[in-house]
Amino acid sequence: MESISTFLRTYTANLVRTLTGHRRGIACLQYRAPLIVSGSSDNTIRIWDIETGVCFRVLEGHDELVRCIRFDSKRIVSGAYDG
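Going by UniProt numbering, the letters in the sequence shown line up with residues 1 to 83, in that order.
If you're looking for bench data, these hints aren't it; they were derived computationally from the structure. A hint or two may mislead.
What the hints assert, rightly or not - Derived CB-CB ranges, DEER-like:
hint, residue 1, residue 2, range
1, G53, S73, 17 to 27 Å
2, R23, D49, 15 to 25 Å
3, G83, L15, 33 to 43 Å
4, D63, N14, 35 to 45 Å
Even for Gly, the Cβ is constructed at its ideal location relative to N, Cα and C.
Please work from the sequences and hints to get the whole structure.
This is how it looks when you write it as structure tokens:
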């Protein structure tokens, strides 16, 4: 089963984008236009283009749930239950 995230405009509650791709639930994400970076209990990090909804990179390497994500223009930092 794929995990689905939906994003709504806060002032209208209109659907902005639906992102589908993680194989399990999303545990964390950070938005900074035009990107969303998400971490999941499928042990991966995905980088999305919010304008198109396309996941253009899947990062693997954690052995446990990815619990926190932060990114800037140069790097992504993640924390997971694998230490």
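**Request:** Kindly indicate which numbered hints from before are broken by the structure, ordering the numbers from low to high.
**Result:** none
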